[in-house]
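Number of protein chains: 2
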Amino acid sequence: MYRPQIKVLDCTIRDGGLMNEWRFSKEMVRDVFDGLAKAGVDYIELGYKADKKQYNVEDSGPWRFCDEEALREVAYDCASKVSVMCDVGRTDYDAIIPAADSIVKMYRVATYVKEIDKAIHLGNHIKALGYEVSVNIMAVSHCLEPELDEALDQLAQTNFEVVYLVDSFGYLYSEQVHYLADKYLSRLKGKEVGIHMHNNQQLGFSNTIDGIIKGINYLDATIFGMGRAAGNCPMELLLGFLRNPKFDVRPVFDLIQKYFIGMQSDLRWGYEIPYAITGILNKHPRAAMAFMKDGGKGSFSEFFDTFADAEDAD
Amino acid sequence: MYRPQIKVLDCTIRDGGLMNEWRFSKEMVRDVFDGLAKAGVDYIELGYKADKKQYNVEDSGPWRFCDEEALREVAYDCASKVSVMCDVGRTDYDAIIPAADSIVKMYRVATYVKEIDKAIHLGNHIKALGYEVSVNIMAVSHCLEPELDEALDQLAQTNFEVVYLVDSFGYLYSEQVHYLADKYLSRLKGKEVGIHMHNNQQLGFSNTIDGIIKGINYLDATIFGMGRAAGNCPMELLLGFLRNPKFDVRPVFDLIQKYFIGMQSDLRWGYEIPYAITGILNKHPRAAMAFMKDGGKGSFSEFFDTFADAEDAD
Numbered sequence: 001m002y003r004p005q006i007k008v009l010d011c012t013i014r015d016g017g018l019m020n021e022w023r024f025s026k027e028m029v030r031d032v033f034d035g036l037a038k039a040g041v042d043y044i045e046l047g048y049k050a051d052k053k054q055y056n057v058e059d060s061g062p063w064r065f066c067d068e069e070a071l072r073e074v075a076y077d078c079a080s081k082v083s084v085m086c087d088v089g090r091t092d093y094d095a096i097i098p099a100a101d102s103i104v105k106m107y108r109v110a111t112y113v114k115e116i117d118k119a120i121h122l123g124n125h126i127k128a129l130g131y132e133v134s135v136n137i138m139a140v141s142h143c144l145e146p147e148l149d150e151a152l153d154q155l156a157q158t159n160f161e162v163v164y165l166v167d168s169f170g171y172l173y174s175e176q177v178h179y180l181a182d183k184y185l186s187r188l189k190g191k192e193v194g195i196h197m198h199n200n201q202q203l204g205f206s207n208t209i210d211g212i213i214k215g216i217n218y219l220d221a222t223i224f225g226m227g228r229a230a231g232n233c234p235m236e237l238l239l240g241f242l243r244n245p246k247f248d249v250r251p252v253f254d255l256i257q258k259y260f261i262g263m264q265s266d267l268r269w270g271y272e273i274p275y276a277i278t279g280i281l282n283k284h285p286r287a288a289m290a291f292m293k294d295g296g297k298g299s300f301s302e303f304f305d306t307f308a309d310a311e312d313a314d
Numbered sequence: 001m002y003r004p005q006i007k008v009l010d011c012t013i014r015d016g017g018l019m020n021e022w023r024f025s026k027e028m029v030r031d032v033f034d035g036l037a038k039a040g041v042d043y044i045e046l047g048y049k050a051d052k053k054q055y056n057v058e059d060s061g062p063w064r065f066c067d068e069e070a071l072r073e074v075a076y077d078c079a080s081k082v083s084v085m086c087d088v089g090r091t092d093y094d095a096i097i098p099a100a101d102s103i104v105k106m107y108r109v110a111t112y113v114k115e116i117d118k119a120i121h122l123g124n125h126i127k128a129l130g131y132e133v134s135v136n137i138m139a140v141s142h143c144l145e146p147e148l149d150e151a152l153d154q155l156a157q158t159n160f161e162v163v164y165l166v167d168s169f170g171y172l173y174s175e176q177v178h179y180l181a182d183k184y185l186s187r188l189k190g191k192e193v194g195i196h197m198h199n200n201q202q203l204g205f206s207n208t209i210d211g212i213i214k215g216i217n218y219l220d221a222t223i224f225g226m227g228r229a230a231g232n233c234p235m236e237l238l239l240g241f242l243r244n245p246k247f248d249v250r251p252v253f254d255l256i257q258k259y260f261i262g263m264q265s266d267l268r269w270g271y272e273i274p275y276a277i278t279g280i281l282n283k284h285p286r287a288a289m290a291f292m293k294d295g296g297k298g299s300f301s302e303f304f305d306t307f308a309d310a311e312d313a314d
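Note that the protein sequences, when read in sequence, are chains U and C.
Heads up, the first sequence stops at 314 in our numbering, and the numbers go up one at a time, no gaps.
Heads up, the second sequence stops at 314 in our numbering, and the numbers go up one at a time, no gaps.
Source of the hints: derived by calculation from the structure; they are not laboratory data.
Take the hints with a grain of salt, since some may be wrong.
Unchecked claim - Cross-link-like lysine-lysine pairs, in silico, DSS-like; alpha carbons within 27 Å at most: (1) C:Lys297 with U:Lys26; (2) U:Lys258 with C:Lys293; (3) U:Lys38 with C:Lys293; (4) U:Lys53 with U:Lys183; (5) C:Lys7 with C:Lys52; (6) U:Lys297 with C:Lys26; (7) C:Lys214 with U:Lys214.
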């Protein structure tokens, strides 16, 4: 698929950091940035901009906070833009410096649909500082449809550049992606729509392709699929699919070989039955992550049934 | 998706046997058959019917040959039908006993498009013995389209029940599956069409769903995706997707836990970059399998480039 408007965003360090408390070395993040820049990736998300008043700085690596100095040690000016993510309610407005003084080009505001007003407030603040702004509505598979519609209509009135369709639980099938992509694109005319898929059911890549087919232009992926629990759409597959000659998948293969195969065998993101189960059942992966942390020795069938039991309540 | 015509075929022992020379114990195959029967799977493929004059019986486990006695030690009469696969040119016609004397219900003839006449000859022989017959055209992503069309038109004239769309190299994307499914369904009116997808690009499950959406009713899958190289559409995901109440995914989870997680860490089918590379480039996985057997220590980028070099020839 060659469509010049397509932008690829790598969020390996940000989403993958959920698996190791963002404890990536500066050398490694520098290599990742450099490799992704050489691969032609349009945006490279280097972490969260979390509120230091709410989180102990000692408990996480630097990519949970993305201080300007830390970013400048790993990123450099080039065609690839730096992005960071901030959560509604977990962001210190005063910690965001003007865009003119920052290497960051885009902020992505992560929100649940019920907090859309706060997300727009935060986005407006960031936009006024001169950044590109995206709003990523999480857990869309748990939204009531009128609330989602209203949120999209509110976002349509903003001057933010991008709104993301996010499958936090790895639940969506292709037909649901088609349905939601149509909704986002029709209610957000003039804006770009992005897609961020989780891989619980091995549908992260295919759902991203379905998004492309429907007209979505901002595509999230991570190196070797690294991300929370089952992880994300793998960057190497996405670049193998896209036909824009500016992309080169080889630097991503090199990063996988140097860093990610080893990390994956320690941290075990990717296809695991407990993650598949929460995906199939449209549940937050936290129970599956707890199951895996316990060594994954419990019965899969019993784990599956715990959710069925939970739904006996009326 | 609830469509009563849908038939699920498990080929774990047959396709998975390509990873261990069919050296599964009888106890394990008996457990697999029993679990799949309890899961409501319609067909259970227990191996190949390979010609004992062409292969040394000592070099493989019993599921490469599927002697009637071996099958009867692991399978029993129930709603799930036993199937076996035979390759054109590697099958002893005289070794196939009449269906009335066999526990086997279906033979699947695997063929390349150029050998379709031989496949039809073999299929006619098997059909006359009283079996259901399927023809599986392998490596369709390497076919010249007029040859494929002619093969389908020839198959339309037979009395075989099923013709399979097979993505041997894990190359097809959803739009290609849609295109080919339309072709198979329109040229094979009155027959069932099946789909057998490999998972090199993590598209085995999603492509199978795309086949269902287009009207394909025979669906191949394997437990925990076990199969050659990157493996196949995972049975547990497929049963999680289908809505027919006769299916129960729990016995598959139990089998995964008892056998397949351990086997996977030894045999390493599934998502590996060399398999992804041959999938992206529409190549037979044999070079990737050799790369993996070598310990997977070579450079992925150089492996990728070997194929680009090979195509410099004009």
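Hints and how they fare:
1. C:Lys297 with U:Lys26: holds (25 Å)
2. U:Lys258 with C:Lys293: holds (19 Å)
3. U:Lys38 with C:Lys293: violated (30 Å)
4. U:Lys53 with U:Lys183: violated (38 Å)
5. C:Lys7 with C:Lys52: violated (31 Å)
6. U:Lys297 with C:Lys26: holds (25 Å)
7. C:Lys214 with U:Lys214: holds (18 Å)
Violation of the numbered hints given earlier is confined to hints 3, 4 and 5; the remaining hints are satisfied by the structure.
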